[in-house]
Amino acid sequence: MSTEAVVQSTPARKVVIAGVMGALAIFLGWTHLGFIPWVAGAALTIMHVPVIIGAVLEGPIVGTAIGLIFGLFSLLQATLAPTGPVDVWFQNPVISVLPRLFIGVVAWLGYKALRKVNEPLALAVAGILGTLTNTVLVLGTIGLFGHLPWAALPPIAIANGLPEAVLAAILTVAVVVAWKRIETGARKSRM
Amino acid sequence: MSASEFDLLRTVTLGQYLPTGSALHRADPRVKIASGILLVVAVTATSSLAGLTLAFALVIAGFAVARIPIAYALSGIKPMLPFLALLGIFQAIAIPQNDANTTVYWRWAFITLTARDAVAVALLFAKFSVLVWGISLLSFTTSTTALTHGTEHLLRPLQRIGLPAHEFALMVNIALRFVPLLAQETERLMKAQASRGADFGAGRRLNFVQRFRKLLPLLIPLILATLQRAEDLILAMEARCYTGGKGRTHLVRFRAQASDYAILALVLIVLAATVAAGFTSADATVWRIVSTVWR
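Just so you know, the protein sequences line up as chains A and B, in that order. Anchor point for the first sequence: position 23 equals 23 in the working numbering, and the numbering is continuous, going up by one each time. Anchor point for the second sequence: position 112 equals 112 in the working numbering, and the numbering is continuous, going up by one each time.
Some hints could be false.
Said to hold, decoys possible - So the derived label-pair ranges between C-beta atoms look like this:
#1 B:D232 x A:H32: 38 to 46 Å
#2 B:Q184 x A:F145: 53 to 61 Å
#3 B:P69 x A:V136: 32 to 40 Å
#4 A:H147 x B:R288: 36 to 44 Å
#5 A:P149 x B:A262: 45 to 53 Å
#6 A:L148 x B:R240: 46 to 54 Å
#7 A:R115 x B:I89: 47 to 55 Å
#8 B:F83 x A:P149: 46 to 54 Å
#9 B:R67 x A:P149: 46 to 54 Å
#10 A:A113 x B:A239: 35 to 43 Å
#11 A:P149 x B:R240: 49 to 57 Å
To be verified - Sample of chain A residues lacking proximity to chain B, with all beta carbon distances greater than 10 Å (derived):
#12 V15
#13 E119
#14 W150
#15 I158
Honestly, the hints are just simulated from the structure, not real lab data. Just so you know, these numbers come straight off a predicted model, no measurement behind them. Ideal Cβ positions, reconstructed from N, Cα and C, are used throughout, including at glycine.
One chain only, chain B, in its complex shape:
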């Protein structure tokens, strides 16, 4: 049993906050969240490589402004690469993209690799990278507190029709805050149980009853200890007269600056181009220019 077995959250870069104090860190969280949502929608909606390249350039520019090394974001994507490769192969083989107009690169048995397959795989990779890096950028530059306040402000119109925006934002914030605490608690419990002779190593694969029985002495105390912490938090909040979102004012008030509007405008323009590129023959044009320059 190695020490790393107890270390539960070390390998995750997603969801981290890197305070470098850049202009992007100081930008209005509402603008950053809205940009993140727009990015997800645009990347999902487009089917143009040229458009995705534009979105990618936007994200990379964001990393440069935020003064976060690209290599750091790259390390977060590394563990997913084998699976992505598998997905790419699956996409190329299982979904036939054959039609008369495409170049066949390679043919073996029932497998044919065509130019269209190559484009489909490239699209898959590009979409995935832009999504992961875009959302990483949001979390690297925005603290959880700013994220929750921003979400709450963005959801505020929903409060008019009776949806509990404040409670939702607070709940998400508590959930995000508790995950590292749970990791700590679990590490403590695993060590405690291991010192009493428990073995959390892999058992026989099919014997799920055995696996589950090994998990019980970990899960039950974990959930009970979590509920105990929740009671403490409830007591603390009630001692400070928390009564929910109605009529609540905020310590933090957001006032969008000119720079925030500029960021939003830039994001809107680039992402509109990303989506629009899917409806035009932008890819074919870019491809023609590239291949002419190549020759």
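The shape of chain A in the complex, shown without the other chains:
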């Protein structure tokens, strides 16, 4: 039975999915489970994946709401428990909160555009677009405030953004396909 045909989006559903996915973003950041060590002390993050999943499941408003929780948490964490000099930049809400509001909207637009063509493909695209929105806007605002020279930004965007986009795409496809029980032709997901 397809769950999607039965489930209608109610106020309760929107609030709960937003809260729960927000909790997941907080949890991934708090326990550092959402960080994967990468070159030169930098870390790849998958903290934004709950935003993408929430946006794909419940639409752009829920996506923006989860993005807001993610942003507020990263602002709080940078202020109260900084772990590196970069965190000092994230004490500015324009860098830590504002860019995160757009992840969900962009991911949802990508998903909606391609959903009719091929749902797993649309999910992968949502993961990639959502991640790139995060990378580009965060680095862009960092550049605007002059914390890093503009020339230094594209290499960081490529070194961090691309692997993060791939990880986010894999996770989004794996989770949503299993959750919605989408037939992929591959073996059935086991929970």
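With chain A fixed as given, assemble chain B onto it according to the hints.
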């Protein structure tokens, strides 16, 4: 693999609630939240050590009234100390504060430590401590339920212009409630996967593909189980006819007492002094008095 590897939230003191039943615990959460926000704004805005000392005294007084041992709050700040020290050194070395009017304490190669550097580092530490202790005090004395209700009431004016204050407050409350549940779930999953031979220890540093593949059997069931719990909660809420914030009344109604107004007034006065001290020569005056007494 040690047992502590499964223990995910034990070391965090921030965000805990310590019910000691003090007057501060019973105070109106709206007043406490507003005070917290004012504290953050004032501490960020000021650049005066004397002003920060005032704010610090206010926070310490709050701890005394709340009957929470200072040592407990201190333990929360401990893991951040090495990083803070690093930040302090960075601030002293990388940001030159040299001008003709300052005393040079120490000079080596391109590094000069001046009185101004010392003040900058002291400011950094003071701001950080006041912020962390102030916000800890808020969370120690206010339960999550009171925090959400308080936030919702404070945001209510925004509802007039169509912003969903109720939904926002409920969402934040659900998020905060779910974090410990997620920690439990993850511990369960880690143990389950470890018993099947999974290894969550550190792999080779650069091999992020390997690291990520180790995380997948944890993350995917975690997210799916979380969504399942969300479905249960949705069902429970809909069974009780939840339809969102419109026309909703509240079981808890806040009525500010005289003591609440007194707290707010005290906080306002002290923090106004904190900010004002940044614009006057308060620091220089205090410094002169201190150094005279010292001699």
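Numbers of unmet hints, in rising order: Per hint list: 1, 2, 3, 8, 12 violated.
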